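Peer 1: This note's numbering puts the first residue of the sequence shown at 1, with every later residue one more than the last.
The hints are simulated quantities; they were obtained by calculation from the structure and are not laboratory data. Quantities reported herein were computed from a predicted structural model and do not represent experimental measurements. It is possible that part of the hints are untrue.
Unchecked claim - In silico DSS-like pairs for lysine-lysine, Cα to Cα no more than 25 Å straight-line: (1) K222 - K252; (2) K211 - K251; (3) K252 - K211; (4) K211 - K222; (5) K248 - K222; (6) K251 - K222.
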Amino acid sequence: AAEAAADHAIGLPPLNMALARDMVARTRVARLLAGYRNEPAADLDALCRSLVQVAELAADIGELVELDINPLLVDAAGVIALNARIRLAPEGRAEPLAIRPYPQELEQHIVWQGQPLILRPIRPEDAPQHLAFFNALAADDVRLRFFSSMRELPPSQLASLTQIDYDRAMAFIATRQNAAGEAETLGVVRAVADPDNLGAEFAIVVRSDLKGLGLGAVLFAKLVDYFLGRGTAFLSGETMSENYGMQKLVKKFGGQCHPSAEPGVVNLRIDLQSLVR
Numbered sequence: 001a002a003e004a005a006a007d008h009a010i011g012l013p014p015l016n017m018a019l020a021r022d023m024v025a026r027t028r029v030a031r032l033l034a035g036y037r038n039e040p041a042a043d044l045d046a047l048c049r050s051l052v053q054v055a056e057l058a059a060d061i062g063e064l065v066e067l068d069i070n071p072l073l074v075d076a077a078g079v080i081a082l083n084a085r086i087r088l089a090p091e092g093r094a095e096p097l098a099i100r101p102y103p104q105e106l107e108q109h110i111v112w113q114g115q116p117l118i119l120r121p122i123r124p125e126d127a128p129q130h131l132a133f134f135n136a137l138a139a140d141d142v143r144l145r146f147f148s149s150m151r152e153l154p155p156s157q158l159a160s161l162t163q164i165d166y167d168r169a170m171a172f173i174a175t176r177q178n179a180a181g182e183a184e185t186l187g188v189v190r191a192v193a194d195p196d197n198l199g200a201e202f203a204i205v206v207r208s209d210l211k212g213l214g215l216g217a218v219l220f221a222k223l224v225d226y227f228l229g230r231g232t233a234f235l236s237g238e239t240m241s242e243n244y245g246m247q248k249l250v251k252k253f254g255g256q257c258h259p260s261a262e263p264g265v266v267n268l269r270i271d272l273q274s275l276v277r
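Can you make the complete structure from the sequences, with help from the hints?
Peer 2: Put into structure tokens, the structure is as follows:
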């Protein structure tokens, strides 16, 4: 039906739920999927998850040349493929994708303070819970993290914090389900590597009501292990001189803290290669 109606939308793998929703929205059939007359709206989340999974196939299977699913039925109950055809190349692609897919292999399930947590890379779909996380930070913690007394997180900055290039940057969040069964972010640690991968600049913040319980060290260990695996030589950062918790954390991982030329600022550095000796 899409071919007959010339109703097309193009997206490049890897996809996430936000990109998949955008693809669907750019089709004419999207208006019908939203429901009409006595027809209920289709399960768009199920459709978008299917698109994300197809994109994962394209990213994971280098030999995949073509995948044709026709027809694909979508209604309020979900998605079902009635027929599919796949074509493979004798050899996989030689070059990686231009955009690195979400690194699912870095997800880690742990128990912290007797509670199950997931440590995983951040993704664009985390934007709503990341905004809630920011709003739960005390004003002083916001100032220490962003060097600013900002009261709101602008949409552009929220996007830059949740939509990252996994080739150059990494951000790990600690997340759990709250009493309402919704995912909530408890802390985040991130770093952006230099183009030559020699060093990476890091930052970390834990929800204000959970400070001092060791979650920062758990997140930071995850970040250190990741950049050790990348072969990065050192991690560096800056913090305010009164942020003794950050300085203590850096020293715990063998790092050094030195006053900056800028008043009230401390330079932080951890030699990662010394940790493997």
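Peer 1: Does each hint fit the structure? Answer for all of them.
Peer 2: Structure-based check of each hint:
no. : hint        : verdict
1   : K222 - K252 : holds (14 Å)
2   : K211 - K251 : holds (17 Å)
3   : K252 - K211 : holds (16 Å)
4   : K211 - K222 : holds (18 Å)
5   : K248 - K222 : holds (17 Å)
6   : K251 - K222 : holds (16 Å)
Figure legend: structure checked against the earlier numbered hints; every hint is met.
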